[in-house]
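Residue numbers (the UniProt record's numbering), protein chains in the order written: chain A, 1 to 310; chain B, 1 to 308.
Hints were generated in silico from the structure; no laboratory data involved.
Every residue, glycine too, gets a C-beta built ideally from N, C-alpha and C.
A few of these clues could be false.
Computed Cβ-Cβ distance ranges for the label pairs, DEER-style [unchecked claim]: (1) B:F74 - A:S145: 38 to 48 Å; (2) A:Y203 - B:V63: 25 to 35 Å; (3) A:F167 - B:P61: 14 to 24 Å; (4) B:H11 - A:G97: 36 to 46 Å; (5) A:G171 - B:P61: 22 to 32 Å; (6) B:G299 - A:S271: 48 to 58 Å.
Partner residues are not named here, just some residues of chain A that face chain B (Cβ under 8 Å, in silico) [unchecked claim]: (7) G88; (8) P90; (9) E149; (10) V162; (11) G239.
Just so you have them, the derived chain A footprint on chain B, three or more residues with Cβ under 8 Å [said to hold, decoys possible]: (12) 5-15; (13) 80-86; (14) 135-148; (15) 277-284.
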Amino acid sequence: MTSPHPPGPTGDLLLPAADTDAPPQAPPASLSRDAWQQLRARPVVWACLAVIALIGLTAAAPGLFTALFTDDDGRCELARSKLGPTTGHPFGYDLQGCDYLAQVVRGSRPSLLAGVAVTAGALLVSVVLGLLAGFYGGWVDSLLSRATEVAFGLPFVLGATVILVAFPRHGLGAMTLVLVALGWSTMTRVMRSQVIAVKDADYVRAARMTGARPSRLMLRHVLPNAVTPVVVVAMLNVGNVISGEATLDFLGVGLQYPAVSWGLQLNTAQSYFLDHPHLLAFPALFLSATVLSFILLGDAVRDAYDPKLR
Amino acid sequence: MGRFVVRRLLHAIPVLLATTFLIYALVFVLPGDPIQGLAGDRPVPPSVLAELHRRYHLDDPLVVQYAKYLGGLFTGDFGTTFRGQPVGDVIAQRWQVTVRLGLTAWFFEVVLGIALGVWAGLRKGRWADHLILGATTVVIAVPVYIVGYLAQLVLGVRLGWFPVSGGEAGWPAAYVLPGLVLASFGLAYVARLTRASLVENLRADYVRTADAKGLSRLRVVIGHTLRNSLIPVVTFLGVELGSLMAGAIVTEYIFNLPGIGQQVFQSIQLREGPTVVGITTALVLVFVLANLAVDLLYGLLDPRIRHD
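Chain A with its partners taken away, still in its complex shape (with noise of 0.2 Å):
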C-alpha cells in the first residue's frame, strides 16, 4: 500500500508548485482517499500491516530468520525427536528432531501463497462472472446463478476433501484451484448485485445513447464503480482461506510430506500434543497471528469503506 501525498498546507503562495497539474487546494475527497485518511488513523492496522509484513518476510526470506534466532545447521536428529524449547533453539525440535523455529518459518510460504492466490483467483472470477451475470440479465444471469447456488450449497471441507482425494498427486497450484472452485459463490453474489445497481445509473445510460459498446459500458463504466464491495469482500476472506488451507492440511487431505506447511505441523501435533505442548503451540500461534491481521484488516477496510457503519 503506497501512501498518498499528505494534503499540502492550502493557499501556499510562496512556494512555486514543483509540479504545474497539481491542483491548487487540497486533493479532492475520493472515497478511497477518504477510507486511507481512516485507516492511517488507527493503530490496529497499523499493527495487522505489521504481522502481515513480518510473515511475509518469513515466506520471502525464511533463510534470514533461521539464521538471525537459532543455532539451526540444517540437520536433523532423531535422538533429539520432540525436545522442548532450549537456548540456542527457541522453538525446540519436530518429530524428526529438526529445529522447530526453521521448520515454523518455513511454513508461512504455503499459507500466504495460498492465501494470496486464490483471493486474486476468485476475486478475478467473481468479477467477470458477476459482471456478465449483473449485465446482460436473462438466461445468462439465471445460468450463473444456478451455478453460483450449486457452488454456495456445497459445504467448504467436504467438497474440498472429495475433490482433492480424487486427485492425489495434488500441490500448491492444485490446492489453488479448488479453493478458487469453492470460494468464488459469495463474491460473485456482491459483484452482481452491484453491477445491477449501477448498470441502469444515468451516466451508463448517456454512454449507451453514444454508442458505446456492451464490452465498452462493462469495463470503463460499470466495472470502476462496482468493483470496490467486491474487493473489500475478497480482503476479508483472505484470512478465511488461509485457515482453510491449513484445515485441509491439518485433515490430511491437502498439502503431503515432505512439504512443510502450519497445517501439517498442526498434524503432527495432534498425536504428541498432550506431552509435548511446544508441537501445537508455535504453528498454532503464527497461523492464528496470521489470519488474525488479516481479519481485521479486511473489518477495519470494510468500517473504512462503508460509512453507514461510523
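Since the structure of chain A is already known, use the hints to place chain B on it.
For chain B alone, kept in the frame of chain A given last:
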C-alpha cells in the same frame, strides 16, 4: 407466500441434482478399483470381480450409473455400501450423533451468543464490551481445531471436567465440549452481530419514545429493541443450523465422535461412492431447507419484507 415457497423449492431441485452429480462424478474419477481396494493385496477372482462390478453398476458409464442411482433415490433407496449395508441405515445411525452435536452447538450459539452480544451492547465502550469484542475476534480468527485441542488439553485433560473424546458417555456429557468447540466460531459471530445490531437500534427514535414514556429499562431493551435487533441474528442462526451439520467433520474428527462427518471422511478414503453421495445429498438438503426457512422467517419477523 405459497408461490414463493414453491418457487424456492423448484430452485432447490437443480441445485441438488448438480451438487450430487458433481460429487458422484468426482468419486467416479477416483483412481483404482474400489472392489480390489477392499480386498487389499490379495487378488480377487475375475468372476467375483465381474459379479460385484455388475451388482454395483461399476462398468456402466458415469451418466448411466448416476441415473440408476437417482432412480433408486426416488424410491427411497440410497444404495448399499460395498460391505452390503444399506446406505440409508448407515446415514440413519450416524445422523443421530451429528444432529445431537449440531443442536448442542446451536443451543450454545443461541443462548451464549445472544447473551454475550446483549451484554456487550448495553455496556458499549466499557471494559465488558471491549473484552467481549476482543475475545470474539480472537475466537473467529483461531482455526476450530486449535480451539478443539486447547479445550481438550485444558478442560478435558488438565481440569478433567469433560470426557476428552469419544461418544460413550452419551448426551450431554460427551457432547458439551465438542458442542462448544463447534459453536465457537458461530457463537463469536452471533455475539458481534447482536451487539452491533443492538447498539444501532438503541439510538432509534422508537427506543427514545419508549424511554420517554417511562417504560422500565428491561421492557425497553427486551420488548422493543431486542425484537428488532434479532432479525439479522435469526438469519445467521438459520443458515448456521445447516452449516453446523456439514461443518461438524472437523469437530467429529478431533473428538472421535462417530457422526456423519466422520463417516463421510472414511467413505471418501474408501471410495464408497453411494455413501459419499448419499450423505452429501442429505447435508445439502438440510442446508437448502434451512436457507428456505430463514427466508420465510424473515418475512414474519420484519413485516416490511413481503414475498409475492
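Structure-based check of all given hints:
1. B:F74 - A:S145: 38 to 48 Å: violated (26 Å)
2. A:Y203 - B:V63: 25 to 35 Å: With a Cβ separation near 48 Å, Y203 (chain A) and V63 (chain B) fall outside 25 to 35 Å, so the hint is violated.
3. A:F167 - B:P61: 14 to 24 Å: For P61 (chain B) against F167 (chain A), whose Cβ atoms are near 21 Å apart, the range 14 to 24 Å holds.
4. B:H11 - A:G97: 36 to 46 Å: Roughly 56 Å apart at Cβ, these two residues miss the hinted range, so it is violated.
5. A:G171 - B:P61: 22 to 32 Å: Once the Cβ atoms are compared, 31 Å apart, the range 22 to 32 Å for P61 (chain B) and G171 (chain A) holds.
6. B:G299 - A:S271: 48 to 58 Å: The hinted range 48 to 58 Å holds for G299 (chain B) and S271 (chain A), with Cβ atoms some 50 Å apart.
7. G88: violated (27 Å)
8. P90: For P90 (chain A), the interface hint is violated, since the closest Cβ of chain B sits about 20 Å away, which is over 8 Å.
9. E149: Holds, because the Cβ-Cβ distance from E149 (chain A) to chain B comes to roughly 5 Å (cut-off 8 Å).
10. V162: holds (5 Å)
11. G239: holds (7 Å)
12. 5-15: holds (count 3)
13. 80-86: The restraint on the segment 80-86 of chain B is violated, since only 0 of its residues have a Cβ under 8 Å from chain A and three are required.
14. 135-148: Since three or more residues must qualify, the claim that chain A covers the segment 135-148 of chain B holds, with 9 doing so at under 8 Å.
15. 277-284: With 3 residues close enough to chain A, the hint holds.
Checked against the numbered hints listed earlier, the structure breaks hints 1, 2, 4, 7, 8 and 13; every other hint is satisfied.
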